[in-house]
Structures are given as structure tokens and as C-alpha cells.
Amino acid sequence: MEINEFIENFADQFDDLEAASLSADTPFKELDEWSSLVALSVIAMIDEEYDVAVKGDDIRSAETIQDLFNIVESRA
Amino acid sequence: MSGYNPFTLEGKTILVTGASSGIGRATAMECAKLGASIVATARNEERLSQVLSELDTSCGQTHRMILADIVAPGGIDLLIDGMPAVDGVSDNAGASNGNKPIKFIKDEELAEILQANTVAHVNLAKALFKKKLLNKDGSYVFTASIGGNTSHVTGQAVYGISKSAVNSFMQYCAVEFAGRGIRCNSVCPGMIKTPLIQVDTLTEEDMAKDAEKYLLKRYGEPEEVARTTAFLLSDASSYITGVSIVVDGGYTVNH
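Chains A and B are the protein sequences, given in the same order. One point on numbering: in the working numbering, the residue at position 72 of the first sequence is 72, and numbering is uninterrupted. One point on numbering: in the working numbering, the residue at position 79 of the second sequence is 1079, and numbering is uninterrupted.
Since the hints were derived computationally from the structure, they do not count as laboratory data. Values in this document were obtained by computation on a predicted structure and should not be read as measured data. Quick reminder that beta carbons are idealized off the backbone N, C-alpha and C, glycines included. Hints may be right or wrong, so weigh each one.
Claimed, not checked - Below 27 Å or equal to it, Euclidean Cα-Cα: the simulated DSSO-like pairs (lysine-lysine) are:
hint	chain 1	residue 1	chain 2	residue 2
1	A	Lys29	B	Lys1209
2	B	Lys1103	A	Lys29
3	A	Lys55	B	Lys1193
4	B	Lys1136	B	Lys1033
5	B	Lys1103	A	Lys55
6	B	Lys1193	B	Lys1209
7	B	Lys1209	A	Lys55
8	A	Lys29	B	Lys1213
9	B	Lys1106	B	Lys1136
10	B	Lys1213	B	Lys1193
11	A	Lys55	A	Lys29
Unchecked claim - Pair by pair, the computed Cβ-Cβ distance ranges are:
hint	chain 1	residue 1	chain 2	residue 2	range
12	A	Trp34	B	Asp1137	54 to 62 Å
13	A	Arg60	B	Glu1046	49 to 57 Å
14	B	His1255	A	Ala53	26 to 34 Å
Let's have the full structure, built from the sequences with the hints guiding it.
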């Protein structure tokens, strides 16, 4: 698994957000565009692309994209 | 005491689907307490037997269970083969696919949820009506949902369309079954504390925040839906047909 690809997939879940504006250290829940739809989309994307089940609690505990990536990697 | 009670279900036989858990289980329990003789059906033998053993018999009535999966091929045949004619139906069996945004809907998931929440119920009504297993002047109650009817929440498209189709179908049933005096209605619950709403995309904090959107500041109990269904099954609602009753603690009016 590769973090840059993960960031791209992550950015894809927003309507209008360039992957270049995100980094592994981005505290994603502070983004203006973050919403419940994006959260559900990220969960569904991780299931589809990485075959990993993450929960609402995982999203809650992750601060940065790297945190989320680590959770996914640990279960892949 | 006058003994006047148009809400009683004494003397009525009621088929309850999805009777092993959640709203179906509560409906079987409440209807039995109101005097009905229950035909309980579901697919989980252990849980269904448990429900059967807990049904009230204080009006001297007897109950029976028929193990069947009405969603699976042949399941409805299995159910109606062993079934007596009934005076009422509470059709509850259903499924949820959690919270999936539209762009992640999978073909097989779409087919599965529509089968479980819509197609199976169309086929059940068809079979019961065709075999004349619904007595004249009976009452048919579908459990739909506010989802897809009065509420459209992110991630609930598949569930919502499957449940709005139930409401639509209920109205056609009301029209076509009226000739036999059969009334058809539905209940539309909001979030009710059942296993169906346990999805892991939501945290407990999310659920608590969501419950605040209900005027009564809480999710509903299965019995609160069951008693609405029981009213629709009773003679107290004898002039009500073709309608949906929202049972959502004030969620819809607040949105």
C-alpha cells in the first residue's frame, strides 16, 4: 500500500478538492468540505479499493490522513 | 367494567413475518397480549421458538410458528402451505445495507435489498390473496419506513427506494383487495431500537446526536411501532385503508 495513492483516493471522495492540497499530515476533519457524505464515501472507498472494513469509530479516532492510512494498512 | 374494547384482537388470527426479532417480534408479542392468535414466521428457528414460547396466552388462544425465509426462493410456498386463513397480516421482514453513498451502490446489493424489502412482500401479498388465505374484512399492515417516504438521508438510497415501493404497493393492495373488505395500510417508523439500525459506519456519539433530531429526543421502542400496527389490525381502525402512519417521535415534522 502506498500513501500517495491513498491520498488520491481520499481526495476523490470530495466534490472539488485537489489531491495536491492534501498531505499525509492533513487533519482531514478540519477541512471545510468534510461532511457526513464524505465520511461515508471514505468508508465505502476503503472497502472497495482496499477490501478493509473501517468503522465510524475509526474515522473518529483518526486525526490525519496518515492515521487513517495506518488503520487500513494494519488490516489489509 | 363495560367490556367495550374496539382495540381488542380477540378472535383474530394474525400472521406476523420477521417475527423473530425487532419490530416483528414486538408486534407478535403485543398482538398476543391483545388477544390475537399468532402465526409467527421467520427464518431463525432458535429465535422464533423463543418468541413462540413467550407469546401471551391469557385469552385462551393458541399460537403457531412456521419456519420459512420469505425472501428465499420457495420460502413463500413453504409458509402458505402450512398456514391457516388469517384475519390480519403484519409484514415486517426486511434488511438494510448500512450507509452507502450512491456512487458505491453495487448491483448485487441493490438486487438483494430490493428482493428482501420489496419483491418478497409483493409476492407474499400475491400468494395470500390468490390462495384466499386472507379472510374477508381482514387487515393487512406493511412495515415501511420514513426512509424513502418522508426522509431522505445520505447513504440510504437503496433502502429508501425499497421502502417507498412498499408504501406504493400498499396503496395498490388497498385498491385491489377492497372488494373483499380487506383494509391495507402501513406504518412508517423512524429509527427504532432494533438490530437493524446497528451499523458500524456510525459511532454511538453519531447516534446520540441523531436522536436529538427527534422531537421526543430519543429513538423509538419496537413496541411503540407494534401498537400502531395492532391498532390498524383491530376493528378500531375499520374505516382506515390505503394510508401510512408515521411513527417517528416527531422526526418528520421537525424537518
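Here's how the hints hold up against the structure:
no. : hint                            : verdict
1   : A:Lys29 x B:Lys1209             : holds (17 Å)
2   : B:Lys1103 x A:Lys29             : holds (21 Å)
3   : A:Lys55 x B:Lys1193             : holds (20 Å)
4   : B:Lys1136 x B:Lys1033           : holds (23 Å)
5   : B:Lys1103 x A:Lys55             : holds (19 Å)
6   : B:Lys1193 x B:Lys1209           : holds (15 Å)
7   : B:Lys1209 x A:Lys55             : holds (17 Å)
8   : A:Lys29 x B:Lys1213             : holds (22 Å)
9   : B:Lys1106 x B:Lys1136           : violated (42 Å)
10  : B:Lys1213 x B:Lys1193           : holds (15 Å)
11  : A:Lys55 x A:Lys29               : holds (15 Å)
12  : A:Trp34 x B:Asp1137: 54 to 62 Å : holds (55 Å)
13  : A:Arg60 x B:Glu1046: 49 to 57 Å : violated (35 Å)
14  : B:His1255 x A:Ala53: 26 to 34 Å : holds (31 Å)
Figure legend: structure checked against the earlier numbered hints; hints not met, in rising order: 9 and 13.
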